[in-house]
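There are 2 protein chains.
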Amino acid sequence: MDASWLDAVKWDRDGLVPVIAQEVGSNDVLMFAFMNREALALTAERGRAVYWSRSRQRLWHKGEESGHVQQVHEIRLDCDNDVVLLKVTQLGHDPSIACHTGRHACFFQKLDGAMWQTVEPVLKDPERIYK
Amino acid sequence: MDASWLDAVKWDRDGLVPVIAQEVGSNDVLMFAFMNREALALTAERGRAVYWSRSRQRLWHKGEESGHVQQVHEIRLDCDNDVVLLKVTQLGHDPSIACHTGRHACFFQKLDGAMWQTVEPVLKDPERIYK
Chain W
0 MDASWLDAVK WDRDGLVPVI AQEVGSNDVL MFAFMNREAL ALTAERGRAV YWSRSRQRLW
60 HKGEESGHVQ QVHEIRLDCD NDVVLLKVTQ LGHDPSIACH TGRHACFFQK LDGAMWQTVE
120 PVLKDPERIY K
Chain R
0 MDASWLDAVK WDRDGLVPVI AQEVGSNDVL MFAFMNREAL ALTAERGRAV YWSRSRQRLW
60 HKGEESGHVQ QVHEIRLDCD NDVVLLKVTQ LGHDPSIACH TGRHACFFQK LDGAMWQTVE
120 PVLKDPERIY K
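Read top to bottom, the protein sequences are chains W and R.
Mind the numbering: the first sequence is residues 0 to 130 in numbering that gives the first Met the number 0, read in order.
Mind the numbering: the second sequence is residues 0 to 130 in numbering that gives the first Met the number 0, read in order.
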């Protein structure tokens, strides 16, 4: 494989790049994660989002436990070559669930005055997602 | 000021948090940057995006040179408390310009096979933005 497009990415000191996953159609920002070089190569090859789990220090095939796989339509890179944006279809549940809390998206806490308020509903109990 | 909402944020080892700026209306992801505690406090206080410039190691009042200020409508935090999402109106040019290259958004390089292709137009010459 010609991997020069992977060399164009400015990997950080840990060999990672931040990744934003945005839902096609709604344009909702679903989640934020990291990829290493192998994860980005696999994502491009398979058309399924593969991240690098910093907590588990291993590849994380999104949906491997939850079934909430992300079909990747586009891979974009920013002006500084150090941030990736994925345009995805979030599969596995309708309405779509990207967050491990069972919510549509991870950004469900909204600043209200000096308080973070949870403003999005749980669509599926995580105990039923991860069983 | 009651700053306990700032304590809820999980700052990284450099005291920063990654921030995604999303345009209200279009839902376009405009840019990605970082904030330190002071930048996030100022952003909330003023309703204008203030980032931390890692290259210049100082506060970066978005639009301070370009005039491309971001009016902040919502500040959101993710499930792990370590990523911020801003919902903004991108001011200063119509159509809106968030990127220092004079483009609408920073994510203008699209992976096409094994090549990054520039797929978004320059709306204003950067030499005319930063003069």
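Hints should not be assumed to be uniformly reliable.
Chain copies aren't distinguished; within one or between two, either way the pair holds.
Only pairs whose alpha carbons sit at most 25 angstroms apart, straight line, appear in this in silico SDA-like list of lysine to any residue [stated by the list, open to error]:
1) Lys109 / Asp27
2) Lys9 / Met114
3) Lys123 / Ser3
4) Lys123 / Asn80
5) Lys109 / Phe33
6) Lys123 / Gly14
7) Lys130 / Trp115
Derived by calculation from the structure, the hints in this document are not laboratory data.
Every value quoted in this text rests on a predicted model; they were computed, and no experiment measured them.
_Hints numbered earlier in the text: which of these fail when held up against the supplied structure?_
3, 6, 7
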